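Just so you know, the sequences run in chain order A and B.
The working numbering puts the first residue of the first sequence at 1, with every later residue one more than the last.
The working numbering puts the first residue of the second sequence at 162, with every later residue one more than the last.
No wet-lab data here; the hints were simulated from the structure.
As the structure is a prediction and not an experimental result, all values here were calculated from the model.
Treat the hints loosely; a few may be bogus.
Covered by chain B, according to a simulated footprint, are these stretches of chain A (three or more residues, beta-carbon under 8 angstroms) [what the hints assert, rightly or not]:
| id | segment |
| --- | --- |
| 1 | 16-26 |
| 2 | 77-88 |
Derived pair list, reagent style BS3-like, types lysine-lysine, alpha-carbon separation capped at 25 angstroms [claimed, not checked]:
| id | chain 1 | residue 1 | chain 2 | residue 2 |
| --- | --- | --- | --- | --- |
| 3 | A | Lys4 | B | Lys190 |
| 4 | B | Lys397 | B | Lys350 |
| 5 | A | Lys33 | A | Lys4 |
| 6 | B | Lys366 | B | Lys203 |
| 7 | A | Lys33 | B | Lys203 |
| 8 | B | Lys300 | B | Lys190 |
| 9 | B | Lys222 | B | Lys251 |
| 10 | B | Lys350 | B | Lys222 |
| 11 | A | Lys4 | B | Lys398 |
| 12 | B | Lys300 | B | Lys350 |
| 13 | A | Lys147 | B | Lys350 |
| 14 | B | Lys366 | B | Lys251 |
Where is the CB? At the ideal position from N, CA and C, for every residue including glycine.
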Amino acid sequence: MATKHMVSFKLNGKDADVVVEPRELLIHTLREKLLHTGPHIGCETSHCGACTVDLDGMSVKSCTVLTVQCPGARITTVEGLEQGGVLHALQQAFHEEHGLQCGYCTPGMLTRAYRLLQENPNPTEAEIRYWISGNLCRCTGYQNIVKAIQSAAKKMAAVPA
Amino acid sequence: MIPHSFEYHAPTSLPDAIALMGRYGDEAKFLAGGHSLLPMMKLRFAQPGHLIDLGRIPDLKGISQVGDEIHIGAMTTENELIWSKLLAEKAPLLVEGAGLISDPQVRYKGTVGGDISHGDPGNDHPALMLALDASFVLKGPKGERVVKADGFFLGLYSTSMEPGEILTAIRVPIPAPGTGWAYEKLKRKIGDFATAAAAVLLAMKGATVESVSIALTNVGETPLKASAAEAFLRGKKLDEATLGEAARLAMSICDPAPDQRGDAEYKTAMAGEMTRRALLSAQSRAAQ
Numbered sequence: 001m002a003t004k005h006m007v008s009f010k011l012n013g014k015d016a017d018v019v020v021e022p023r024e025l026l027i028h029t030l031r032e033k034l035l036h037t038g039p040h041i042g043c044e045t046s047h048c049g050a051c052t053v054d055l056d057g058m059s060v061k062s063c064t065v066l067t068v069q070c071p072g073a074r075i076t077t078v079e080g081l082e083q084g085g086v087l088h089a090l091q092q093a094f095h096e097e098h099g100l101q102c103g104y105c106t107p108g109m110l111t112r113a114y115r116l117l118q119e120n121p122n123p124t125e126a127e128i129r130y131w132i133s134g135n136l137c138r139c140t141g142y143q144n145i146v147k148a149i150q151s152a153a154k155k156m157a158a159v160p161a
Numbered sequence: 162m163i164p165h166s167f168e169y170h171a172p173t174s175l176p177d178a179i180a181l182m183g184r185y186g187d188e189a190k191f192l193a194g195g196h197s198l199l200p201m202m203k204l205r206f207a208q209p210g211h212l213i214d215l216g217r218i219p220d221l222k223g224i225s226q227v228g229d230e231i232h233i234g235a236m237t238t239e240n241e242l243i244w245s246k247l248l249a250e251k252a253p254l255l256v257e258g259a260g261l262i263s264d265p266q267v268r269y270k271g272t273v274g275g276d277i278s279h280g281d282p283g284n285d286h287p288a289l290m291l292a293l294d295a296s297f298v299l300k301g302p303k304g305e306r307v308v309k310a311d312g313f314f315l316g317l318y319s320t321s322m323e324p325g326e327i328l329t330a331i332r333v334p335i336p337a338p339g340t341g342w343a344y345e346k347l348k349r350k351i352g353d354f355a356t357a358a359a360a361v362l363l364a365m366k367g368a369t370v371e372s373v374s375i376a377l378t379n380v381g382e383t384p385l386k387a388s389a390a391e392a393f394l395r396g397k398k399l400d401e402a403t404l405g406e407a408a409r410l411a412m413s414i415c416d417p418a419p420d421q422r423g424d425a426e427y428k429t430a431m432a433g434e435m436t437r438r439a440l441l442s443a444q445s446r447a448a449q
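Next comes chain B alone, as it looks inside the complex (with noise of 0.2 angstroms):
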């Protein structure tokens, strides 16, 4: 399988590279990693007539901290977050939602940007960043804006990225010391989408629960923050009865698109069981 014929374009700087969309507008596609991208062009789903790659530019790799934030390039892959010992200590959960990404040869290619960008809706990252309060630093022709990731996933492949603007970096809050964090997944082989995912950050106060961010992935067209299930758990004990709710309470907001992982009561299903596991799980790892 051959791609339909394209111009490659190789910017070395962000001003190049935007100034290339520009001038080629709909035609064009940036290619981060390329492993949506490319295989896409291979199947002949998208025929972009230029592909300006990302890859030659500096600027938008590496991970680190900037005052209570973590700053992440867009191009940096996958295991340079699984690898990166500043992520493990200060975001864990992006460490542990990485290495459940794909298999080992996609890591070293796909990119944390292009997961997020692409808008699919079985992407980890995006569920990931949705827990984490994280903000997308976006560069086009009218200068650089930065967006919540709450709201920024519009629905199928659609983010609210303006025509000809790239996503440069990534910033994440640090959660205070002793946040504990899980992300579930389950799916059918290595390599595979999710059936459903649940990406959890919680704090506890003493037995009862203090804040918690609970995002599913894939089980809508957009990556879903279950506000719900958060707001029932804020000052309850996890026990049986509230997991239980607040499993029922994220199943709610769940409309999956059956396809060969399941139909969609089993895929709602699915996102209840991980909901709870990944509570329990973050409830282990969180300073009592």
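This is chain A alone, in the form it adopts within the complex (with noise of 0.2 angstroms):
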């Protein structure tokens, strides 16, 4: 067996510190040790995008992240969107806009849709598009996730954090 690390890091501002060895991919991490299932697995081949999280400012698939590469890291799953029991504007507008069928893609779109309002407060559609391009939904045909998005932003914009 190769050697263990013991890495530490922030998940959704809380310490977490695990042993695993190298192989050990971050979503497996997440789901089975720190019990954090929000993020999904899907295809296990970095098409899919359920597994993205958000890790050091960046959307990543985490099945195609080693746990040893995170040591110091900041890490947010959907589970740390909403704050005291409200929900995040992103989840309030998903909800609103039927932006989800089976579910099964949402929480790696929250936390891709969480990471490109950051980077880009204002997007148009067609930026939404292309930059949740990573994250596979077989039920909704995206519309009314991209209206979601864009409720949500007017939200947030309206609402200086």
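Fit chain to chain and form the complex, with the hints in mind.
Pasting the structure below:
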């Protein structure tokens, strides 16, 4: 067995310490060791985006990141979007605009949209479609996801964080 | 899918990384963004015993102008290329090319140096670098050397890098002001490799072509420089007849591998069409 590594990072603002083999993928650490099952396992080949989490200000597919690559990182999963029992503006907008049906892609969509709006608070429809193109949804046809992100962007602009 | 077991190393300096590669040799692989290597390891197409992560070496990142060149650290990510104001101004072909690579999440991690040194003919930077006449800085146990993109790509997953060498930086000559550019890429879906793609730099003198550079992606075992098409176009007007002949000459050097993206004939035809479109798009952006 390969040498195990102790890795410490912030997960949704709280300290997390794990001991992992180098080959352990971040998605498995999050789901199986840290019991954060928001990020989903979809394709496992970095195509579908269901496992998307926010890692040091980047949206990444956690099926294609090794946990040993993450010491000192700040990681946000969908569990970290809601604050004090209040849904994030994006979560509320996905609810109101019916931005999901089966919900499997939703945690990845939300974390990706979160980073998009951090980088571009007022994206056009074309920009939204381009910048969420790494997240596949097989239910909605994307229309209501785009509407939800637009709606959240408006609300977030009205109430500065 | 979980990779085979390996030891992980995260050096914080280039000499340390080179020393580690010297110690483990054939058993080791450098890890850049990990979006080609990790999927290959998960599918067990690659089973290195040691991974040497280049992600903690600060010298390998960044985009700067040095004289009449742009220098890009090999670990600079695709999204960093896309968002670079300097590249948008001085080498917009790279911005257009990077924007057509894979998808947003992959572009946060995927690096320009990884894309080049992997030697995959489906990758986009090799043809972009051929079109730009870029050079690559390679560092290894014997020191540093600088090699041209033209001649660097030897075959499928094969480059002129020696064992133990690291690609540390890419040097791109800044095209003359007024040079038009385009990267036209046909792909089946977001995240796919090109069925065929063409990179073009084009300088016009009045209505005629002063100089042109054309390189093709994924229609051979390496990126291809369409030299005959370039030579034909020099001094000519771009019209349906000359565009058609340039596309024909570009198609004549294609030897694509058939796969789910199409058979050889279709891919070759698409390389011709991408060449034609890239020439027209570059012309629309070139100073007349």
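Straight-line alpha-carbon gap lysine 4(A) to lysine 190(B), limit 25 angstroms: 19 angstroms, holds
Pair hint lysine 366(B) and lysine 251(B), alpha-carbon separation not exceeding 25 angstroms: 20 angstroms, holds
Pair hint lysine 366(B) and lysine 203(B), alpha-carbon separation not exceeding 25 angstroms: Distance of about 52 angstroms is beyond 25 angstroms: violated.
Hinted pair lysine 222(B) and lysine 251(B), Cα distance within 25 angstroms: 18 angstroms, holds
Distance restraint between lysine 300(B) and lysine 190(B), which requires alpha-carbon spacing of 25 angstroms or less: 15 angstroms, holds
25 angstroms Cα cutoff - pair lysine 33(A), lysine 203(B): 20 angstroms, holds
Given coverage of the segment 16-26 of chain A by chain B, checked by CB-CB distance under 8 angstroms (3 or more): holds (count 5)
Straight-line alpha-carbon gap lysine 4(A) to lysine 398(B), limit 25 angstroms: The hint is violated at about 64 angstroms.
25 angstroms Cα cutoff - pair lysine 350(B), lysine 222(B): Given pair lysine 350(B), lysine 222(B) is violated - Cα atoms ~30 angstroms apart, limit 25 angstroms.
Distance restraint between lysine 147(A) and lysine 350(B), which requires alpha-carbon spacing of 25 angstroms or less: With Cα atoms ~22 angstroms apart, lysine 147(A) and lysine 350(B) stay inside 25 angstroms; holds.
Hinted pair lysine 33(A) and lysine 4(A), Cα distance within 25 angstroms: Given that 25 angstroms is the threshold and the Cα spacing comes to 15 angstroms, the pair holds.
Satisfaction of hint between lysine 350(B) and lysine 300(B), Cα-Cα up to 25 angstroms: With Cα atoms ~36 angstroms apart, lysine 300(B) and lysine 350(B) exceed 25 angstroms; violated.
Of the numbered hints stated above, those contradicted by the structure are hints 2, 4, 6, 10, 11, 12, listed in ascending order.
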